[in-house]
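Q: Given next are the chains, with one letter for each unit.
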Amino acid sequence: MDVFLFLLFAIIAVVCAINVVVQTHPISSAISLVGVMGSLAVLYLLLGAEFIAAAQVIVYAGAIMVLFVFVIMLLNAGSEVRRGRSIVVQLLGVPLLIAFLGLMAYFVQRLYPSAASVKFGAFRGGTALAVGRALFTQYLLPFEVTSVLILIAIVGAIVLARKELD
Amino acid sequence: MNFFLLSLIKAAVVAFVLLTTLAYLQWVERKVIAHIQVRLGPSRVGPHGLLQPLADVIKLITKEDLIPPHVNKILYLAAPFLAVTMALISISVIPFGTEISLFGVRTWMQLTDLNIGVLFILAVSSMGVYGVALAGWASNNKYALLGGLRSSAQMISYELPLSLAVASPLLLANTLSLRELVEKQAGFQFGFLPNWNIFQGPWPQIISFVVFLIAGFAETNRVPFDLPEAENELVAGFHTEYSSMKFASFFMAEYANMVTVTAMTTILFLGGWQPLFPERFGSHYVPTLAFAIAGAVSLYHGLNPARKRDRLTLPAAAIVFFAIAFAFALPAVQSALVPLFWFAAKTGFLLFVFIWVRGTLPRFRYDQLMGFAWKFLFPVALLNLLVTGIMVALFS
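Residue numbers (the working numbering), protein chains in the order written: chain A, 1170 to 1335; chain B, 351 to 746.
Honestly, I wouldn't trust all of these hints.
Take a look, some chain A residues computed to stay more than 12 Å from chain B by CB distance [said to hold, decoys possible]:
no.	residue
1	I1227
2	N1245
3	L1272
4	Y1275
5	Q1307
6	I1319
Here are the computed distance ranges between Cβ atoms for each label pair [unchecked claim]:
no.	chain 1	residue 1	chain 2	residue 2	range
7	A	Y1308	B	E449	33 to 43 Å
8	A	V1183	B	L401	34 to 44 Å
9	B	D415	A	V1250	26 to 36 Å
These aren't lab readings, by the way, just hints derived from the structure by calculation. Note that beta-carbon positions come from the ideal geometry of N, C-alpha and C, so glycine has one too.
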């Protein structure tokens, strides 16, 4: 059952991810990206990380992608027009892609030579309690630094918006 | 019994009750609004218009299902489906009552208890925005597009104070499971004041409660925040181009969201199925008393009828009320159904408040709506969370 669900949602994720690139209309691409986020959340859930799964849906699918869709709707962006591809892309595209995937596979093989097979639901540190405890003890400094980073981003956005107003 | 079979039966029961509630909620709303505006409301179909929801459903199903030209067909068809699915899913984690045993099977009055129940509901409700936004965009209509834009902006803005208001009772209860949240609110302070989060110290949660309720009004697109479907500006907003069952899906989604928000308010702040006062003061006889009074009032008006048909319909209603009152007096039924009664009573009262507000308040202007969310509600929610956090850290 677990393996079946994993394969199902992995396939949905990959198909949606390809669809993001293939679609010509920005709204269709954005909706496909929501599909990717949703199936990733299901994969997290299968692994036993329920808090991450919920956060994935709330933050990425529910907040960031809604903003994307909102901006696309607001700008009323039309379909993208396909121009003829340059000769370099036509010749080197496929070989470079294969080379890149081969390199990725090689590094994964080198870094994790005898990776134990993943057990579905075996991970026990995925509850909100465990994640919260880890964030506020072991990873306190990265957590605080990230919050400062976000504060800088907010201040920057306000400064940029003010300049527009004056 | 088999877990799978049990879940299937429970899901069927919950779905049936929920859909009936949604249909009759609309009847209640029309009646209440009518009486607020000194009208009669639906009164032609069946006694007191009670069969009006059925007539509406038949009308909506048999209506012509129109797809306007130049729409984005896939998204146009997917949007109402998305809206209604996301609205109905969240009921699956709401606990309605305590554990009951029926025919020797013990089960909770809840479809499933997730240990991230609160986050689940937030996630599902945040996905519901897509239904409205995509409906507005895919319809190829400028009113619909403006309605969709307004609603996505509004829902994104009000989700922030909503989530911040949810966080404070979670700090007090220290759990994300909805069932545990209610169980933590059992018992009484000083022997009479219920331990509900809204009354609980060290910092009173009344502010979170009010912020949550206001944001809930905005999240469900209800008056005074129903800008996405402001008739005098946008025809009908995001669902202008929808007809037949697709329109009905949006309608159903709105009412289902209303039920979810009120049920969440009940669970988070008003103690879920916990009674209003202790059992030694006779709180488990309240349902009997309430239904007996309802029966007596019906009987009185049936014997002194204002209209001709009341002579028949009201005594019939009185008999039903007395039967329910008698059922609640039986000890076996009492232990199982009194918690359900309290949950339904609190949720029902909040639903009445939603309708009451609709009959009372005018609509906001759009800039007022955004200014209110960002300049008032959000800072209040943030400060409230900060103070609650400090108080909880200091005193408990």
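Q: Hey, does A:I1227 actually stay past 12 Å from chain B on C-beta?
A: Non-interface label fails for A:I1227: nearest chain B Cβ at 5 Å, not farther than 12 Å.
Q: Determine whether the non-interface label on A:Y1275 survives the test: each CB of chain B must be over 12 Å from its CB.
A: Check passes; 37 Å lies beyond 12 Å.
Q: So is A:I1319 really clear of chain B, every C-beta pair being over 12 Å apart?
A: With a cut-off of 12 Å, A:I1319 remains clear of chain B, as the shortest Cβ separation is near 14 Å.
Q: Taking C-beta pairs only, is A:N1245 more than 12 Å away from all of chain B?
A: 8 Å, violated
Q: Per the stated criterion, does the least C-beta distance between A:Q1307 and chain B lie above 12 Å, as a non-interface residue requires?
A: Nearest chain B Cβ is 20 Å from A:Q1307, so the label holds.
Q: Verify the CB-CB distance for B:D415 and A:V1250 against the hinted window 26 to 36 Å.
A: Taking Cβ atoms as reference, B:D415 and A:V1250 lie about 34 Å apart, which means the hint holds.
Q: Over 12 Å from every CB of chain B: does A:L1272 meet that, or does the non-interface label fail?
A: A:L1272 clear of chain B: closest Cβ-Cβ about 36 Å, beyond 12 Å.
Q: Is it true that the C-beta distance of A:Y1308 to B:E449 lies inside 33 to 43 Å, as the hint says?
A: 39 Å, holds
Q: Determine whether the Cβ-Cβ distance between A:V1183 and B:L401 falls within the hinted range of 34 to 44 Å.
A: Given range 34 to 44 Å: violated, Cβ gap about 51 Å.
Comparing the model with each earlier hint shows violations of hints 1, 2 and 8; every other hint is respected.
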